[in-house]
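Student: Residues per chain, in single letters:
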Amino acid sequence: MLEVKCFATLQDHTPEGGKIDYRPGLTVRDVLKMLDIPEEEVKVVFVNGEYKDLDTSLQDGDRLGLFPAVGGG
Amino acid sequence: MEVKSILPNKSVRQKILKELKSQHLPNLWIKNSQAISPKEQACLFSSKVLVVGCGGLGGFVLEMLARIGVGTLIFADGDRFEESNLNRQLYASTSNLGQNKAKVAQARLKQIAPLCRGIAIPRYLSLQNVVRILPKCDLVLDCVGGIEFKAELIHVCQKHQQTLITGAVAGWEGFVSSITATSKSPLSFFSGVSTKSAENTLGTPVTSVNLIATLQVQEAILWLTQKKLLCLDKVLYVSLDRFDFMWLKL
Numbered sequence: 001m002l003e004v005k006c007f008a009t010l011q012d013h014t015p016e017g018g019k020i021d022y023r024p025g026l027t028v029r030d031v032l033k034m035l036d037i038p039e040e041e042v043k044v045v046f047v048n049g050e051y052k053d054l055d056t057s058l059q060d061g062d063r064l065g066l067f068p069a070v071g072g073g
Numbered sequence: 074m075e076v077k078s079i080l081p082n083k084s085v086r087q088k089i090l091k092e093l094k095s096q097h098l099p100n101l102w103i104k105n106s107q108a109i110s111p112k113e114q115a116c117l118f119s120s121k122v123l124v125v126g127c128g129g130l131g132g133f134v135l136e137m138l139a140r141i142g143v144g145t146l147i148f149a150d151g152d153r154f155e156e157s158n159l160n161r162q163l164y165a166s167t168s169n170l171g172q173n174k175a176k177v178a179q180a181r182l183k184q185i186a187p188l189c190r191g192i193a194i195p196r197y198l199s200l201q202n203v204v205r206i207l208p209k210c211d212l213v214l215d216c217v218g219g220i221e222f223k224a225e226l227i228h229v230c231q232k233h234q235q236t237l238i239t240g241a242v243a244g245w246e247g248f249v250s251s252i253t254a255t256s257k258s259p260l261s262f263f264s265g266v267s268t269k270s271a272e273n274t275l276g277t278p279v280t281s282v283n284l285i286a287t288l289q290v291q292e293a294i295l296w297l298t299q300k301k302l303l304c305l306d307k308v309l310y311v312s313l314d315r316f317d318f319m320w321l322k323l
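Protein sequences appear in the order of chains A and B.
Residue numbering for the first sequence is 1 to 73, as defined by the numbering used here.
Residue numbering for the second sequence is 74 to 323, as defined by the numbering used here.
Since the hints were derived computationally from the structure, they do not count as laboratory data.
Note that CB positions come from ideal geometry on N, CA and C, so glycine has one too.
Watch out, some of these pointers could steer you wrong.
Claimed, not checked - Computed spacing ranges between beta-carbons, pair by pair:
#	chain 1	residue 1	chain 2	residue 2	range
1	A	GLU39	B	ILE185	45 to 51 Å
2	B	THR255	A	ASP30	33 to 39 Å
3	A	ASP36	B	VAL279	28 to 34 Å
4	B	LYS209	A	TYR22	49 to 55 Å
5	B	LYS183	A	ASP36	50 to 56 Å
6	B	LYS183	A	TYR22	32 to 38 Å
What the hints assert, rightly or not - Below, in silico cross-link-like pairs of lysine-lysine (DSS-like), each with a Cα-Cα straight-line distance of 25 Å or less:
#	chain 1	residue 1	chain 2	residue 2
7	B	LYS176	A	LYS52
8	B	LYS209	B	LYS176
9	A	LYS5	B	LYS322
10	A	LYS33	B	LYS257
Let the hints inform the model, and build the full structure from the sequences given.
Tutor: See the structure below:
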């Protein structure tokens, strides 16, 4: 399983229970497709609390955080 | 560029520094005692901080930096208060709608922090202006609303080796991060088209704005009292609706 949290304007894309099934070779980009999130809306990706890009391969049990641009002051 | 400054004069400032050096805290800082030593209070009083933006984050940041005892605050904003600012901006009130935010902030600082030298710049800072001011400052606090200028401000501060503490808010979420000349920066959060940034959809409620401003100021206190920055190469991301505080490594 992968734990997925979508933040700010992406929150509605969070999967049910905050989890999705893992399969070998899955990348962050694949997860965006599975969750129907347009790539251009995701500006920041963290995997297990570390900054990563869309091509990062995921491992079973990874925690994924997806963020849009945030700049209110 | 119009610049107006408040008190105090040089001899008052020297007298205060002398008192602090002899381990004596002036009465107006007595309740900082133990949390802040006289030596640290002297560091704060000798510091010059540039605050870019005097609206949501900027209002709270200025209030706290002045009350904690920062000696010189330079702050800029070309915007004027309007009704939609009343939900979150500390210095917005029904009696000052239409007035320049930096000028209102300056009047407020004069009332609450008589030892603070407040220098108001009632204009939007251009990058050229920022470059001119940077050598006069020990630290920059990014309280700008809008991703485009935030990214430019980070670039210019890194290029001129100036430490900057950035903060940003969207809805019940927000983050703080510190950036030095050689550190990583959260620039990706400020990428894309300004109108698509999350705060345009989710708004900027007062609790998120206040909390992120508080975290920025606490980080500033660490830097100005010569301690290690906690948000360097990291983002502290907060989801207030879940009481979730997350450290993210850049």
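Student: What are the numbers of the hints the structure violates, in ascending order?
Tutor: Hint check: 6, 7 and 10 fail, others pass.
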